[in-house]
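Chains A and B supply the protein sequences, listed in that same order.
Residue 83 in this note's numbering sits at position 83 of the first sequence; the count goes up by one each step and never skips.
Residue 256 in this note's numbering sits at position 256 of the second sequence; the count goes up by one each step and never skips.
Treat the hints loosely; a few may be bogus.
List of simulated lysine-lysine pairs, BS3-like, C-alpha gap at most 27 Å [stated by the list, open to error]:
#, chain 1, residue 1, chain 2, residue 2
1, B, Lys9, A, Lys52
2, B, Lys52, A, Lys86
3, B, Lys9, A, Lys86
4, B, Lys86, A, Lys52
5, A, Lys9, B, Lys86
Where chain A lies over chain B, by a calculated footprint (3+ residues, C-beta under 8 Å) [what the hints assert, rightly or not]:
#, segment
6, 265 to 276
7, 318 to 332
Read the hints as simulated data drawn from the structure, not as lab findings.
Think of the CB as a built atom: it goes at the ideal place given N, C-alpha and C, for glycine as much as any other residue.
There are 2 protein chains.
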Amino acid sequence: MTNLSPSDKALVPFVSVDHMMQLIHHIGIEDMLRGLADYIETDFRRWQLFDKTPRVASHSAEGVIELMPTSDGEVYGFKYVNGHPKNTAEGLQTVTAFGLLADVGSGYPVLLSEMTMLTAMRTAATSALVARLLAPKGATTMAMIGNGAQSEFQSLAMKAICGISEVRLYDVDSAATRKCAANLAGLGLTVTPCTSAEDAIMGAQIITTCTADKQYATILTDNMIGAGVHINAIGGDCPGKTELAPAILHRSDIFVEYPEQTRIEGEIQQLDATHPVTEIWQVLTGQAEGRTSDRQITLFDSVGFAIEDFSALRYVREQIRETQLFHPLDLLADPDDPRDLFGMLQRSLQA
Amino acid sequence: MTNLSPSDKALVPFVSVDHMMQLIHHIGIEDMLRGLADYIETDFRRWQLFDKTPRVASHSAEGVIELMPTSDGEVYGFKYVNGHPKNTAEGLQTVTAFGLLADVGSGYPVLLSEMTMLTAMRTAATSALVARLLAPKGATTMAMIGNGAQSEFQSLAMKAICGISEVRLYDVDSAATRKCAANLAGLGLTVTPCTSAEDAIMGAQIITTCTADKQYATILTDNMIGAGVHINAIGGDCPGKTELAPAILHRSDIFVEYPEQTRIEGEIQQLDATHPVTEIWQVLTGQAEGRTSDRQITLFDSVGFAIEDFSALRYVREQIRETQLFHPLDLLADPDDPRDLFGMLQRSLQA
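Full structure from sequences and hints, please.
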């Protein structure tokens, strides 16, 4: 009865960064982006089931640390994520993340996973899922403004999920554009580096903005945006951080994940709190309209929501079942007799 | 430049259950309880520095899953903890937990640790730290009502920190009392198993209640409580779960960790929201009085607060520095060029 090695209940599958990268290659990056988009769409369609709350943020001068919990009543999930724009200058990631799933019935964790890679994947899958709903039919070209860590994932997701064949790259730092172009070479996209944002948006039906400054910035000005485009704004994602001129917002039909959170963190923090927005889940379920005319400007004011992380973790949990791409982590104390935690401690000394 | 093994920045020290148990034995359980109490006292004395928020709870029919974040401006910490009273019947722990510390400046995690064992230790250390402040001088005997997973830790902490020499045990399940008595044998305490709560409190200056029913219960009735005792009530720690008759509360001077949380979760959820309570940190800093007379009934209405977990994680982080009692965990993606997450993914395929 005195079993000293951790029981199955005590061991939580852990997906490291290395295992996540192996999993992405095992599945194939474009297949995994499509798979993630399917899981996210499934969960958005059952939106009202979820326990939703704006993220719990701890702000400091340097950045923010956030916890993003949610639950569908059977499975609970949360993500830890930071946002520290100054990190890049010190050789660190602006955003790192990990996440957890747990069984609601017992409270026991069932998956711990890196989520830096996975967040890049799920953000791109979400953007492309929404662009498939809102972009003009037959869209072939995306302008990618901001060529940092998210840019290649966005480009490949728009290819895999929306059928985009060309990306036009621009970043204030031309080294970032060269990096992005080199990474995308040979992956089936026509890649066009550009020397200005105005140049990048030429002929683009989808415009993605993803820059990392923690300040009110104007990446797109009003006169740059013509009729009929879809704007995928993912860089404005915390209070005080926006990318679009307010005039663009007034000309657009605005779509969001979770208004309570987007009004705090998204582009629409620049607008009146009553400005109308449409929730993506309502478009997916047919309760609201998406694009209704060729000349309409649609804007996805994306800040990232806990359900997307939940979906991504759920996908990973399913995918690793048939692989060995995880470590069993001795995270939970699980004595033979649950009331005998102290006995477990004492017996460990005798081992 | 293409380093494929995780860098130091990507590796987070992880303290498993096994390593935590080794650490406790390495330090010595009573020394560690004293060490934890010192760290908790230090942090309670600088209470106003901390970013405080009631825990973020996700309730279900079976129990609750909670995130408890806090920060002192330099270090951020949170704990994941569940409370599922029915788990015991299925051979699972009622409470399991793990926690994390991160650097506020960069947002990078710096410690991941099991916290089932550590929570048992910090809860006991907190109870004893408070009892040292509030119990009558020269207290020798504690009644321990509820002999589950927390009971031995409470007993040893009261010995190590308050100089208690006798514990009187009672549980509705006599097997739990036998378990507790057997575990405490030979550890320097006079252990007296009792057959009723009334018997257990005979001659006790400190009465600790720690039962796990998720319902309004009455573990102590009004006529059981004489003048001069200190009640350490740790089992009433979520909405709908209390252990004391309201009349006891009205005869006691009530001390709490964080009123905003205790009014939701503690014994005082039975009282008017304006009922006066004293915060422990104010007693520690001399801003409020503790025990003022021999006949006073003091009550510590303890629900567990995030700062105690923060202190415990901070203590563990210091203690493991000179040991090898942790695993480096590949939790964070850390490419050579922070903007080149995709390049890191691509290179992992070539490895």
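Agreement of Lys86/B and Lys52/A with the hint, judged by alpha carbon distance not exceeding 27 Å: Holds - the C-alpha atoms of Lys52/A and Lys86/B are around 25 Å apart, at most 27 Å.
Can the restraint linking Lys9/A and Lys86/B be considered satisfied, given a maximum Cα separation of 27 Å? 16 Å, holds
With a Cβ-Cβ cutoff of 8 Å, does the segment 318 to 332 of chain B contain at least three residues near chain A? Our answer is that it holds, as 4 residues pass the Cβ test (under 8 Å) against chain A, meeting three.
Next pair to validate is Lys9/B with Lys52/A; report whether the Cα-Cα distance is within 27 Å. 32 Å, violated
Coverage assertion for the segment 265 to 276 of chain B with respect to chain A, Cβ distance below 8 Å, three residues required: Three-residue rule not met by the segment 265 to 276 of chain B, so violated; n is 0.
Would the hint linking Lys52/B and Lys86/A be met if the CA-CA limit is 27 Å? 25 Å, holds
Would you check the hint for Lys9/B and Lys86/A, treating anything up to 27 Å between C-alpha atoms as holding? At roughly 16 Å apart (the allowed maximum being 27 Å), Lys86/A and Lys9/B satisfy the hint.
In summary, the numbered hints that this structure violates are 1, 6.
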